[in-house]
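K.L.:
Chain by chain, the residues:
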Amino acid sequence: MKGWHWDGFFEYLTNAYLLEGALITLGLTIFSMIFGLMLGFVIAVMRMSKYKFLSGPAYFYTWIFRGTPLLVQLIIIYTGLPQMGIKLSVLESTLIGLTLNEAAYLSEIVRAGIAAVPRGQVNAARAIGMTEFQVMRYVVAPQAFRIIIPPLGNSVNGVLKTTSIASIISMEELLRRTQVLIQEKFLVLELFVVAALYYLVMTTVWELVQRRIERRFGRAFEAQASEPASLGEQR
Amino acid sequence: MNTTAPMIEIAAVNKWYGAGFQVLKNCSLSVRRGEVVVVCGPSGSGKSTLIKCVNGLEPVNDGTIKVDGAAVTDPSTKLPSLRAKVGMVFQHFELFPHMNVLENLCIGQEKVLKRGASEARAKAQALLERVGMTAHSHKYPGQLSGGQQQRIAIARALAMDPIAMLFDEPTSALDPEMITEVLDVMVSLAQEGMTMMVVTHEMGFARKVADRVVFMDRGEIVEDTQKQRFFEDPQSDRAKLFLSKILSH
Ligand SMILES: Nc1ncnc2c1ncn2[C@@H]1O[C@H](COP(=O)(O)OP(=O)(O)OP(=O)(O)O)[C@@H](O)[C@H]1O
Ligand SMILES: [Mg+2]
Numbered sequence: 001m002k003g004w005h006w007d008g009f010f011e012y013l014t015n016a017y018l019l020e021g022a023l024i025t026l027g028l029t030i031f032s033m034i035f036g037l038m039l040g041f042v043i044a045v046m047r048m049s050k051y052k053f054l055s056g057p058a059y060f061y062t063w064i065f066r067g068t069p070l071l072v073q074l075i076i077i078y079t080g081l082p083q084m085g086i087k088l089s090v091l092e093s094t095l096i097g098l099t100l101n102e103a104a105y106l107s108e109i110v111r112a113g114i115a116a117v118p119r120g121q122v123n124a125a126r127a128i129g130m131t132e133f134q135v136m137r138y139v140v141a142p143q144a145f146r147i148i149i150p151p152l153g154n155s156v157n158g159v160l161k162t163t164s165i166a167s168i169i170s171m172e173e174l175l176r177r178t179q180v181l182i183q184e185k186f187l188v189l190e191l192f193v194v195a196a197l198y199y200l201v202m203t204t205v206w207e208l209v210q211r212r213i214e215r216r217f218g219r220a221f222e223a224q225a226s227e228p229a230s231l232g233e234q235r
Numbered sequence: 001m002n003t004t005a006p007m008i009e010i011a012a013v014n015k016w017y018g019a020g021f022q023v024l025k026n027c028s029l030s031v032r033r034g035e036v037v038v039v040c041g042p043s044g045s046g047k048s049t050l051i052k053c054v055n056g057l058e059p060v061n062d063g064t065i066k067v068d069g070a071a072v073t074d075p076s077t078k079l080p081s082l083r084a085k086v087g088m089v090f091q092h093f094e095l096f097p098h099m100n101v102l103e104n105l106c107i108g109q110e111k112v113l114k115r116g117a118s119e120a121r122a123k124a125q126a127l128l129e130r131v132g133m134t135a136h137s138h139k140y141p142g143q144l145s146g147g148q149q150q151r152i153a154i155a156r157a158l159a160m161d162p163i164a165m166l167f168d169e170p171t172s173a174l175d176p177e178m179i180t181e182v183l184d185v186m187v188s189l190a191q192e193g194m195t196m197m198v199v200t201h202e203m204g205f206a207r208k209v210a211d212r213v214v215f216m217d218r219g220e221i222v223e224d225t226q227k228q229r230f231f232e233d234p235q236s237d238r239a240k241l242f243l244s245k246i247l248s249h
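Chains as they are written, first to last, in full-length UniProt numbering: chain A, 1 to 235; chain B, 1 to 249.
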């Protein structure tokens, strides 16, 4: 199979099996971003607590998950945990691994966002009688969210590509399906170029979406940088 | 409601920032119902700290503070419900930038006081009218001038039907031409009998509506006198020096 085969290239470019693989990649990305953000938020809030029993575990969590490769985490979850009697399917392992890993990174972003909300906003919210939960829910979180939209957008771009690592535990996403098809006709280059194009289309479309979101939330709102907010009330 | 007890009672309060720096030294002060007390003093003397202790935004190390009989300094006191009754206005307005004017006025009413949306809205509209901001109800704080933002901030506090109002230098971040519009609102509040504790260097305001003037320096309450006496015959040298500085320009 020497040389470049246009017919093979175009055939794979519109291949339903690959297209489905791309949709699975998209699904993995959406899932791990949503759940990673939720878990990341909890970890960020714990991390900012003045209580050691909350901030300690949160620190430990991010230390572990940012300090080891996702690849290793996935292998441990999928092939290591059964040894302890915990058997997870490929899909479960992938979703859990991606979410746990992403949460560690997102928690750092969330933490920076919360810290960037001016301290005076917290005081103002408390002063009208809001509980600590309400201060977070109605005043700090919405402002922190606007601040972190750009780095969050970059994370989505990153996760879109990172999902390919799950192919190592035979998760049938875009890359894995590409490798499966290679066994058919051995059009290695054509197939990988098609896979690369799929990734490129997804990241490009996301970039356009991200710009729209940033414009929408940027309107009539500018965060003033000031003293960072600390969580939990001192008495 | 006990009508003879002071509305705000600060008794022998000490506070340290960290281990070494004592920001409040044995401060005692009481504000009766309907009274307007102006707090002034040099920068860094602890005025903001003192006023933030009143609604528990800052904890004290020692001493007691009571608002309407409830001890702010008692750890078992539910601070949120106490704060809901005490309005506070900040130097830098601190409107919620992600909410429009109407939402700023309704959020506390709805989430803290659990008022219905239409009731909250009606109250907000009435207050907007009062502070002369009816035309701006759908604007965001970032689209308003400083004076307009501060009037909204006062309205936001009033929306909670407070029993007392705390002001921390409400006009010192404003351009001179906007100071009057904010002071006018405060003067009318004072004349309606609102209990007010006001940190300000606007001595015109103090002369007009204050009952008492409190002078602070280096964490201490140096003078606490009827306003007449404070302006005409300040007792301490520190107050004399301070007055000569701020009245000279
Ligand atoms: N969170 C804090 N930690 C440590 N020191 C603080 C803190 N807040 C204020 N201080 C210090 O406490 C002192 C009193 O501050 P405060 O803000 O109460 O003064 P102020 O009288 O309101 O001054 P200004 O007129 O400048 O507003 C200042 O020396 C200030 O630097
Ligand atoms: Mg101050």
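These aren't lab readings, by the way, just hints derived from the structure by calculation.
Among the hints, a few may not be true.
[As the list claims (entries may be wrong)] Short, incomplete list of chain A residues facing chain B, as computed with Cβ under 8 Å:
#1 I96
#2 L100
#3 Q121
[To be verified] Beta-carbon label-pair distances, calculated as ranges:
#4 B:D237 / A:W63: 56 to 62 Å
#5 B:E119 / A:W63: 47 to 53 Å
#6 B:S30 / A:G67: 55 to 61 Å
#7 A:K50 / B:H138: 35 to 41 Å
#8 B:S172 / A:K50: 29 to 35 Å
#9 B:G18 / A:S49: 47 to 53 Å
#10 A:G218 / B:E119: 53 to 59 Å
#11 A:G218 / B:D184: 32 to 38 Å
#12 B:H138 / A:M38: 52 to 58 Å
[What the hints assert, rightly or not] Computed list of lysine-lysine pairs in DSBU-like fashion (alpha-carbon distance at most 35 Å, straight line):
#13 B:K114 / A:K50
#14 A:K50 / B:K66
#15 A:K50 / B:K25
#16 A:K52 / B:K123
#17 B:K85 / A:K50
#18 B:K245 / A:K50
#19 A:K52 / B:K227
#20 A:K52 / B:K245
A quick note: this is a predicted structure, and the numbers were derived from the prediction, not measured.
Each residue gets a CB set at the ideal place from its N, CA and C atoms; glycine is no exception.
K.L.:
Hints first: check each against the structure and report whether it holds.
P.N.:
Taking the hints in turn, this is what the structure says about them:
no., hint, in the structure
1, I96, "violated, 34 Å"
2, L100, "violated, 31 Å"
3, Q121, "holds, 6 Å"
4, B:D237 / A:W63: 56 to 62 Å, "holds, 58 Å"
5, B:E119 / A:W63: 47 to 53 Å, "holds, 50 Å"
6, B:S30 / A:G67: 55 to 61 Å, "holds, 57 Å"
7, A:K50 / B:H138: 35 to 41 Å, "holds, 39 Å"
8, B:S172 / A:K50: 29 to 35 Å, "holds, 31 Å"
9, B:G18 / A:S49: 47 to 53 Å, "violated, 20 Å"
10, A:G218 / B:E119: 53 to 59 Å, "violated, 33 Å"
11, A:G218 / B:D184: 32 to 38 Å, "holds, 35 Å"
12, B:H138 / A:M38: 52 to 58 Å, "violated, 32 Å"
13, B:K114 / A:K50, "holds, 30 Å"
14, A:K50 / B:K66, "holds, 27 Å"
15, A:K50 / B:K25, "holds, 27 Å"
16, A:K52 / B:K123, "violated, 44 Å"
17, B:K85 / A:K50, "holds, 28 Å"
18, B:K245 / A:K50, "violated, 42 Å"
19, A:K52 / B:K227, "violated, 49 Å"
20, A:K52 / B:K245, "violated, 48 Å"
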